[in-house]
Structures are given as structure tokens and as C-alpha cells.
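Visitor: Chain order of the listed sequences is A and B.
Under the working numbering, think of the first position of the first sequence as -13, with each following residue one higher.
Under the working numbering, think of the first position of the second sequence as 6, with each following residue one higher.
A couple of the hints might just be wrong.
[To be verified] With a straight-line Cα cutoff of 27 Å, these simulated DSS-like cross-link-like pairs (lysine-lysine) come out:
hint : chain 1 : residue 1 : chain 2 : residue 2
1    : B       : Lys62     : A       : Lys82
2    : A       : Lys82     : B       : Lys16
3    : A       : Lys56     : A       : Lys41
[What the hints assert, rightly or not] Covered stretches of chain A (in silico footprint by chain B; criterion: 3 or more residues with CB under 8 Å from a CB of chain B, positions within the stretch not fixed):
hint : region
4    : 22 to 31
5    : 85 to 99
These are calculated hints, taken from the structure and not from any lab test.
The beta-carbon is built from N, C-alpha and C at its ideal position, and this holds for glycine as well.
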Amino acid sequence: AQTVTQSQPEMSVQEAETVTLSCTYDTSENNYYLFWYKQPPSRQMILVIRQEAYKQQNATENRFSVNFQKAAKSFSLKISDSQLGDTAMYFCAFMKHDGNQFYFGTGTSLTVIP
Amino acid sequence: DAGITQSPRHKVTETGTPVTLRCHQTENHRYMYWYRQDPGHGLRLIHYSYGVKDTDKGEVSDGYSVSRSKTEDFLLTLESATSSQTSVYFCAISERLETQYFGPGTRLLVL
Chain A
-13 AQTVTQSQPE
-3 MSVQEAETVT
7 LSCTYDTSEN
17 NYYLFWYKQP
27 PSRQMILVIR
37 QEAYKQQNAT
47 ENRFSVNFQK
57 AAKSFSLKIS
67 DSQLGDTAMY
77 FCAFMKHDGN
87 QFYFGTGTSL
97 TVIP
Chain B
6 DAGITQSPRH
16 KVTETGTPVT
26 LRCHQTENHR
36 YMYWYRQDPG
46 HGLRLIHYSY
56 GVKDTDKGEV
66 SDGYSVSRSK
76 TEDFLLTLES
86 ATSSQTSVYF
96 CAISERLETQ
106 YFGPGTRLLV
116 L
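Can you make the complete structure from the sequences, with help from the hints?
Guide: See below:
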């Protein structure tokens, strides 16, 4: 079974600053996908960023980037220039390449302080 | 945003009653999923579908059944609701076995 661990239940960051959310996972697979989803107070699950394990280059989407360390099984999310709208729960998720199921971490609650 | 709707959005029911939640998509995606979200657990897969009439169990399938008679609709049924099934239920869709897009969620309270 795959497990995803988010060791930071809550974090806060000042507006315009940078914050990094941690995620580690356990798998024996070589090919897989990793995701970060954002869940604001509206409860909608929104895809933030996606990484394919066979790609060495770290994914970026505007202010969001990841630090993917395959050997260490680590997948952290960096949010630059934090904005008030970034306040949300952030979930890390894992999926095998030929799989049909997401495995989610328990989430990190991020608060951006004005 | 992917065209996914869930109905109802909120429901209160009593223990022992049947409940059906509906997920409707307009994207013609092949795969559909039902998750539940509980504090301290993140999202956990209940059932998924890989085509019309093709479904399989997920991690927490006990007490739930599903049906998919059309590409666009995926129904989740609680045959006899229990208080442990109080949760927020999310539907998700995907075209391939990778990125999933989520519906707005259904909050279910079983008294």
C-alpha cells in the first residue's frame, strides 16, 4: 500500500512571503504521479500542481513550484509571494502510473496573514 | 473548471434510511470516483468506475454501493445509513489514469 505523510498540520505565512509545505510518501513503484490540491473554505478541491515521477525537472505553475526528490520520496510545495487567497487546506496526493486510486495525505492548513 | 455537479449539496437523514448521492459530469470522461473526507483522514476512495456498468471497490467501500448506467452519471447509495457515514462526499472524474477533477462536495449528516 502507498502512504502519504504531511507532517505539518498547520502553518502560517505573512502576505508576500514564501512558504514551503512538506510531503513524503512511501512506495515501491518507479513510475507514478504526485499532486498538490488546494481546498479553500468553499471546500472545492482545486488542482495546484502535478509532477510525473519520471521527469527530473521540478514542476512550476506561476507562484507554485515543487521540490521533487525521488530518492528521498519527498515532494514539497513552495508558494512564493503568498496571497490572502492562498489560505486553504493543502493536500498532497500520490497515484501509481497504471493505478486508479489517489492516496491522499491528511492535509496542511495554511493561513496567510495580512 | 471541469463540468461536475453533485446533488444534493447538503442532506440530513436518519439512521437506517437509504440515501443516494448523484454525480453528473458534462466532460465525457471515462473514469469517475467517489471519495469521503473526514477530519484526520484526508480523502479516501469509496468506489470508482472505469466505464458504463464497470465499477470496483476502493479503500472504504463497506456500506456503500454504486451504479453507472450512463457515462455522465455516477450514483453512490448508502443502503442503510449509519452515523459513521456522516461525512463530506466528493465525486471526481478523469479522462486518463492521472489527474482527477473534483466536484463541489456533498455534506451528509446521519442522525
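Visitor: Taking the earlier hints as the rules, which of them does this structure contradict?
Guide: Checked against the structure, the only hint that fails is number 2, while the rest are satisfied.
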